[in-house]
Amino acid sequence: MKYRFCIILILLSVSIFAQNIDPVLWINNLAGKKTATFEDAVNMYILTLEKKPAGFARNVKLLEDMKILSKTDNFKKDKPAYRGTVALMIARHLKLRDSLFYRMIRVRRYAFRACIADGIMGYDESEWDKLSGEELIEIMALVSDRMED
Amino acid sequence: MNKILLSVTVFCIFLFTASTTFAEIKVVSVKGHVAYKTGPTWRKPLQRGMKLREGIKISTGVRSSAVLNINGNIVTIKPLTMMKIYSNKLTKKNSRTRIGLRRGSLRTKIKRRKNIRTSFKVSTPVATSSVRGTDWSIFYGPGRGMITYVHDTGAVEGENWNGISRTIGGRLRFHQKPTSPLPEELLARIMNKSFGFGNQPGLNPRNTDLFNPRNPIIGDLDLQPVIYWPRNHNLNSIGLNGFFNTISGTVVINILWP
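Note that the protein sequences, when read in sequence, are chains P and C.
Note that the working numbering numbers the first sequence so that position 122 is 843, with each residue one more than the last.
Note that the working numbering numbers the second sequence so that position 246 is 276, with each residue one more than the last.
The set of hints was computed from the structure by calculation and includes no laboratory data.
In this text the structure is predicted, and so the values were computed from the model without any measurement.
For every residue, glycine included, the Cβ atom is placed at its ideal position computed from N, Cα and C.
Heads up, some of the hints might be wrong.
To be verified - Dumping the calculated BS3-like pairs for lysine-lysine here, alpha-carbon to alpha-carbon at most 30 Å:
hint, chain 1, residue 1, chain 2, residue 2
1, P, Lys754, C, Lys207
2, C, Lys67, P, Lys755
3, C, Lys67, P, Lys772
4, C, Lys108, P, Lys851
5, C, Lys33, C, Lys67
6, P, Lys754, C, Lys151
7, P, Lys773, C, Lys67
8, C, Lys87, P, Lys772
9, C, Lys108, P, Lys788
Claimed, not checked - Residues from chain P that keep clear of chain C, each with C-beta distances beyond 12 Å, as calculated:
hint, residue
10, Glu760
11, Thr793
12, Lys798
13, Arg804
Please build the complete structure, drawing on both the sequences and the hints.
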């Protein structure tokens with residue numbers, strides 16, 4: 722009995738201290754998508770902030786509390802993640818200042834310009850590009866670097 | 031009988047030490063969520079102290095990283111990276127490592143050894159980067175392409191799939207975009223972004239006027255200015271062909287219309 726109890730205890734402790742690779746698996750699945758959705762962008766942002774994704778509605782609420790999303794945005798969950806939409810989230814989060822027009826008019830178009838000025842996006846891209854999974858991951862990697870600066 | 035056994039043992043030792051048995055891939059440290067696979071599915075987390083084999087794929091999560099020791103060379107796998115170790119061979123005279131970078135970035139410190147010729151090559155979907163002995167970084171993403179640069183006094187060779195290669199060092203970088211048949215010009219980044227003028231070398235950006243690196247259009251000054259304007263020059267005569275002390279050059283400015 723004691724022997725069995727010890728084995729169960731050891732197995733449980735191994736599972737408790739084992740690294741959780743679910744975020745890595747989710748990111749690898751996202752990389753295989755030709756078009757990422759707005760929900761994917763929200764999930765990716767939550768992971769970048771080192772928080773646990775907890776359903777689309779809760780994730781959006783969390784980002785609204787952090788002023789990365791606004792209640793007036795009304796972006797649809799299953800719609801493609803446009804570069805401009807992600808740029809707007811990034812510009813609000815990182816408080817980008819390198820675009821005069823973004824400082825005056827805080828819309829996706831000028832948020833995209835602000836991201837170009839900050840080196841997060843390229844000048845030969847468009848705010849209407851639909852992001853693939855890999856492109857979304859690439860952008861969030863740059864955002865993650867900026868957060869550490 | 032003892033003599034025969036001793037001879038066989040000594041022969042076996044010579045046989046195995048003459049081959050590539052010292053090639054080693056060891057996990058030095060892991061931070062955050064890092065997974066690896068040797069088969070078709072991702073199942074297992076990478077752990078410190080593990081010894082890995084050729085053919086292994088490693089993937090890191092957000093704000094996660096791993097450090098590997100490959101034949102004495104230190105490879106840091108940065109966040110949101112996926113890479114594969116294709117081959118790793120080490121003999122008494124040669125060290126040869128081949129890595130594939132699917133996305134993300136790596137920083138590698140290659141040990142310089144007198145008696146061993148080291149070849150360390152990283153391949154991406156658009157170009158490859160190879161080095162003999164230096165501290166360097168490589169990045170790949172589907173939008174930006176491949177970027178590689180050194181951190182110390184060594185040199186890195188970048189070569190795209192059209193066979194066009196560049197050897198870079200110092201503060202230059204090799205940049206191959208996915209949509210371009212040629213690598214970016216080595217000085218393109220410096221000429222496009224580090225532009226300012228003042229009345230003395232060692233330029234202070236706050237003294238600039240027309241091309242203020244902090245204005246909304248040109249907002250990036252991550253390199254020290256390399257061009258300065260002579261004192262008392264007439265500002266109205268600025269054109270796209272500028273005169274920089276005794277040489278002339280062409281400046282490319284990308285204007286983003288709102």
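Item to check | Lys798 of chain P and chain C, when compared Cβ to Cβ, separated by more than 12 Å | outcome: holds, 21 Å
Next on the checklist: Checking one constraint from the list: CA of Lys67 of chain C to CA of Lys772 of chain P, max 30 Å. Satisfied?
Outcome noted: holds, 25 Å
Item to check | Holds or violated: Lys87 of chain C to Lys772 of chain P, with C-alpha atoms at most 30 Å apart | outcome: Distance ~26 Å between Lys87 of chain C and Lys772 of chain P Cα, so the pair holds.
Checklist entry - Given the proposed pairing of Lys33 of chain C with Lys67 of chain C, does the C-alpha separation stay at or below 30 Å? => result violated, 46 Å
Next on the checklist: Can you confirm whether the C-alpha distance between Lys108 of chain C and Lys788 of chain P stays at or below 30 Å?
Outcome noted: holds, 28 Å
Next on the checklist: Next pair to validate is Lys754 of chain P with Lys151 of chain C; report whether the Cα-Cα distance is within 30 Å.
Outcome noted: With Cα atoms ~29 Å apart, Lys754 of chain P and Lys151 of chain C stay inside 30 Å; holds.
Next on the checklist: Over 12 Å from every CB of chain C: does Thr793 of chain P meet that, or does the non-interface label fail?
Outcome noted: holds, 22 Å
Checklist entry - Are the Cα atoms of Lys754 of chain P and Lys207 of chain C separated by 30 Å or less? => result Judged against 30 Å, a Cα distance of about 21 Å means the pair holds.
Checklist entry - For Glu760 of chain P, which was marked as not at the interface, is the minimum beta-carbon distance to chain C over 12 Å? => result holds, 17 Å
Checklist entry - Does Arg804 of chain P really sit off the interface, with its C-beta more than 12 Å from all C-beta atoms of chain C? => result violated, 9 Å
Next on the checklist: Hinted pair, alpha-carbon criterion (30 Å max): Lys773 of chain P, Lys67 of chain C. Please report holds or violated.
Outcome noted: holds, 24 Å
Checklist entry - Are the Cα atoms of Lys67 of chain C and Lys755 of chain P separated by 30 Å or less? => result Measuring from Cα to Cα gives roughly 23 Å; hence the hint holds.
In the structure shown, a violation is registered for the earlier hints numbered 5, 13, in ascending order.
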